[in-house]
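K.L.:
Starting from the given sequences, assemble the full structure and let the hints guide the process.
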Amino acid sequence: MGLVEAILLSVLAASTPLLLAASGELVAERAGVLNLGVEGMMIVGAACGFAGAYFTGSTLFGALCGVMAGTALAALFAALTLGLAVNQVATGLALTIFGIGLSGLIGAGFVGQRIVPAPHLFVPYLTDLAFVGRIVFGQDAFVYGSLVLVLAVRWFLYSTRPGLVLRAVGDSHASAHALGYPVLRIRCLAVLFGGACAGLAGAYLSLAYTPFFIAGMTAGRGWIALALVVFASWRPLRLIAGAYLFGAVSILQLHAQGAGLGVPPQLMAALPYLATVLVLILISRVRRSEGTAAPAALGIPFVPDR
Amino acid sequence: MLVLERRSERDLRAVVVAPLVAVALTLVTMGVLFALIGHDPFAALRVYFLDPLTDPYGLQEIAVKATPLVLIGVGLSFCYLANVWNIGAEGQFLVGAVCGSWLAVVTNGTDAGPWVLPAMLALGALGGALYAMIPALARVKFGASEILTSLMMVYVADLLLDYLARGPWRDPKGFNFPTTAEFDPAATMPLLIEGTRVHIGVLFALAAVAAAWVLLARTLKGFEIRLVGAAPRAARFAGFDSRRMVVFTFAVSGALAGLAGIIEVAGPVGHLQPAFSPGYGFTAIIVAFLGRLNPIGILIAALFLALTFIGGEQAQIAMKLPLDLTRVCQGILLFYVLACDSFVTYRIRLIHPRSADGSR
Numbered sequence: 101m102g103l104v105e106a107i108l109l110s111v112l113a114a115s116t117p118l119l120l121a122a123s124g125e126l127v128a129e130r131a132g133v134l135n136l137g138v139e140g141m142m143i144v145g146a147a148c149g150f151a152g153a154y155f156t157g158s159t160l161f162g163a164l165c166g167v168m169a170g171t172a173l174a175a176l177f178a179a180l181t182l183g184l185a186v187n188q189v190a191t192g193l194a195l196t197i198f199g200i201g202l203s204g205l206i207g208a209g210f211v212g213q214r215i216v217p218a219p220h221l222f223v224p225y226l227t228d229l230a231f232v233g234r235i236v237f238g239q240d241a242f243v244y245g246s247l248v249l250v251l252a253v254r255w256f257l258y259s260t261r262p263g264l265v266l267r268a269v270g271d272s273h274a275s276a277h278a279l280g281y282p283v284l285r286i287r288c289l290a291v292l293f294g295g296a297c298a299g300l301a302g303a304y305l306s307l308a309y310t311p312f313f314i315a316g317m318t319a320g321r322g323w324i325a326l327a328l329v330v331f332a333s334w335r336p337l338r339l340i341a342g343a344y345l346f347g348a349v350s351i352l353q354l355h356a357q358g359a360g361l362g363v364p365p366q367l368m369a370a371l372p373y374l375a376t377v378l379v380l381i382l383i384s385r386v387r388r389s390e391g392t393a394a395p396a397a398l399g400i401p402f403v404p405d406r
Numbered sequence: 007m008l009v010l011e012r013r014s015e016r017d018l019r020a021v022v023v024a025p026l027v028a029v030a031l032t033l034v035t036m037g038v039l040f041a042l043i044g045h046d047p048f049a050a051l052r053v054y055f056l057d058p059l060t061d062p063y064g065l066q067e068i069a070v071k072a073t074p075l076v077l078i079g080v081g082l083s084f085c086y087l088a089n090v091w092n093i094g095a096e097g098q099f100l101v102g103a104v105c106g107s108w109l110a111v112v113t114n115g116t117d118a119g120p121w122v123l124p125a126m127l128a129l130g131a132l133g134g135a136l137y138a139m140i141p142a143l144a145r146v147k148f149g150a151s152e153i154l155t156s157l158m159m160v161y162v163a164d165l166l167l168d169y170l171a172r173g174p175w176r177d178p179k180g181f182n183f184p185t186t187a188e189f190d191p192a193a194t195m196p197l198l199i200e201g202t203r204v205h206i207g208v209l210f211a212l213a214a215v216a217a218a219w220v221l222l223a224r225t226l227k228g229f230e231i232r233l234v235g236a237a238p239r240a241a242r243f244a245g246f247d248s249r250r251m252v253v254f255t256f257a258v259s260g261a262l263a264g265l266a267g268i269i270e271v272a273g274p275v276g277h278l279q280p281a282f283s284p285g286y287g288f289t290a291i292i293v294a295f296l297g298r299l300n301p302i303g304i305l306i307a308a309l310f311l312a313l314t315f316i317g318g319e320q321a322q323i324a325m326k327l328p329l330d331l332t333r334v335c336q337g338i339l340l341f342y343v344l345a346c347d348s349f350v351t352y353r354i355r356l357i358h359p360r361s362a363d364g365s366r
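Taken in sequence, the protein lines are chains A and B. This note's numbering puts the first residue of the first sequence at 101, with every later residue one more than the last. This note's numbering puts the first residue of the second sequence at 7, with every later residue one more than the last.
Possibly wrong hints are sitting among the right ones.
Some chain A residues judged to face chain B by a derived CB distance under 7 Å, without partners named [stated by the list, open to error]:
| id | residue |
| --- | --- |
| 1 | T191 |
| 2 | L326 |
| 3 | P364 |
| 4 | I381 |
Label pairs and their computed distance ranges (CB to CB) [what the hints assert, rightly or not]:
| id | chain 1 | residue 1 | chain 2 | residue 2 | range |
| --- | --- | --- | --- | --- | --- |
| 5 | A | R335 | B | D46 | 51 to 57 Å |
| 6 | A | V248 | B | L8 | 37 to 43 Å |
| 7 | A | L367 | B | R52 | 46 to 52 Å |
| 8 | A | R335 | B | V220 | 46 to 52 Å |
| 9 | B | A213 | A | Y281 | 49 to 55 Å |
| 10 | B | G149 | A | Q213 | 44 to 50 Å |
| 11 | A | G157 | B | R19 | 53 to 59 Å |
| 12 | B | P120 | A | Q213 | 53 to 59 Å |
| 13 | B | L8 | A | T156 | 38 to 44 Å |
| 14 | A | A252 | B | R52 | 51 to 57 Å |
In case anyone wonders, no lab produced these hints; they're calculated from the structure. Ideal placement from N, C-alpha and C gives every residue a C-beta, glycine not left out.
P.N.:
The following block contains the structure:
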């Protein structure tokens, strides 16, 4: 296996959790809800996913546990921000603080344990193809699933009527409410979907990417997923480019550290975060001349007047 | 069907009672949680929340740990009142610690006079404020959301601290431990009470509370901060510049967080090392909200959250309870604070779906 192939494989793996979490958050944000708790939902998903797979030996069951954990945390978020119209930024932060603590509690007994990593696809002949074989035909289900998810989100948002309604709710909740659409119910479903995706992204980390659990293993990936949604201008397909770009930055810093360029490893490790800040600045600058792409009602609580 | 309805006026009693209810609900929830993980809830609650209040060591530690929380929390309240979302105070705290420590490291072992400590504190505040300018200017000049940029800079600050403490600033006589040399007495916070760990940083925290109270309640600037946050359109008509407000609030909160950082390093810690902060910058967000963004409320809230840190440590030692419970407790507390706040603004009313169409 050549170096380029190895790098591409690891980029694909590093991008997958970002893509999964960002797809879910994108749907929630298109419905007008800013859930800053992605990092918290993700790490609880990682802990619960690992626990599920550890006890049953099944990756699928583990992934399901991750999804359910993420959804449960999202339900808490929805109850507060939608049910009680609480500030979304503060609630999202609370969710992250709570999630990091909770994952430590759940995962404490599993630190140092190992599970069988998620199986990779193997197609006779095709997977053995030079260069492209392992990259296209030799991934685990999460990688393919993340791509299917983005395409499905794109199809749902732009080609179906419920998707149109969801976007309407995110752009003007008052108008959608006046037309008779259940704004809070739609937002709630969108938030739960976002939580499920974040939980799945976390489960990918502990079931396939590493495969083990350590405290704080998400290392800011939830926050980078949030930045990706901004980077993608809230368009699903642009998430793919963004996720692979960020995946590439995080992998290249690992390889550069390994190559021993004489640069402090901490500087290389800071690259993904610095790149995120830089990209957010550049994107916002471009957008300022073109007009904003953010859903108009993003982050604004909805309390129907009567 | 249950719906929210905006209250016509704010009930002053509710404003005071809401945080107390939140604390009470947190204690109940923590009790349930203790029972769930197989401990006697009453014994655990006593170790967590009562025992630290009954021995002198616990009380001193509360003062020590509340000091950074008050300083950062007061700064953050300026941001949140103006609807500016600085969530990267932890990064500004760390960079303040790094900037101030620079002077302590270069003067280490010399006969530098008593000017060292004041200069360190000034450097810390300046460093924190400058570091906060990155997200502030990104928002003002380019329109980038300060939420994500300020948070990203926390990770960068963490790595910067790690690099310095392991690399150029490491104590050559420190047996390869990743820490700077112990600071000289001239670079250390004097103790307020001899024989304890309570240092004069406590006075800085109290001064910050007093200054913030005067500024917010008695000056035009304080009115401007609250108006920009509560009614941005009205603030614009009044001639207040919301972009200058972003820079101002970030500068104030960055400076206070940086000051807290260098006070922490020059005080209880005594040297610069990676991961010296148990997440004060994030806990201070909870402090700010629990204190209802009011300086005096923040002082009280900081004492309570300091208690959760110490209770968590003592419960770990005495009952082998995991330290992660502290974070869980803090997260739950913030949930309840926010939920209770909602009941100050809204009331919940039961309506019958038939009457919802307005055809009564």
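K.L.:
All the hints need checking, so say for each whether the structure fits it.
P.N.:
Right, here's what the structure says about each hint:
Among the interface hints, the one on T191(A) holds; its C-beta lies about 6 Å from the nearest C-beta in chain B, closer than the 7 Å criterion. Restraint check, L326(A) versus chain B: the minimum CB separation of about 6 Å is within 7 Å; hint holds. Because the beta carbon of P364(A) sits about 5 Å from the nearest beta carbon in chain B, less than 7 Å, this interface hint is met. Because the closest C-beta pair between I381(A) and chain B is about 5 Å apart, less than 7 Å, the hint holds.
At about 54 Å, the CB distance of R335(A) to D46(B) agrees with the hint of 51 to 57 Å. In this structure, V248(A) and L8(B) meet the distance hint of 37 to 43 Å, their C-beta atoms being roughly 38 Å apart. The beta-carbon spacing between L367(A) and R52(B), approximately 47 Å, falls within the hinted interval of 46 to 52 Å. At about 49 Å, the CB distance of R335(A) to V220(B) agrees with the hint of 46 to 52 Å.
In this structure the supplied range 49 to 55 Å holds for A213(B) paired with Y281(A), their Cβ-Cβ distance being about 53 Å. For G149(B) and Q213(A), the Cβ-Cβ distance of about 46 Å falls inside the hinted range of 44 to 50 Å, so the restraint holds. The hinted window of 53 to 59 Å between G157(A) and R19(B) holds, with their beta carbons roughly 57 Å apart. Taking the beta carbon of each, P120(B) and Q213(A) are about 54 Å apart, inside 53 to 59 Å as hinted.
At roughly 39 Å, the beta carbons of L8(B) and T156(A) sit within the given window of 38 to 44 Å. A beta carbon spacing of about 52 Å between A252(A) and R52(B) agrees with the range 51 to 57 Å that was offered as a hint.
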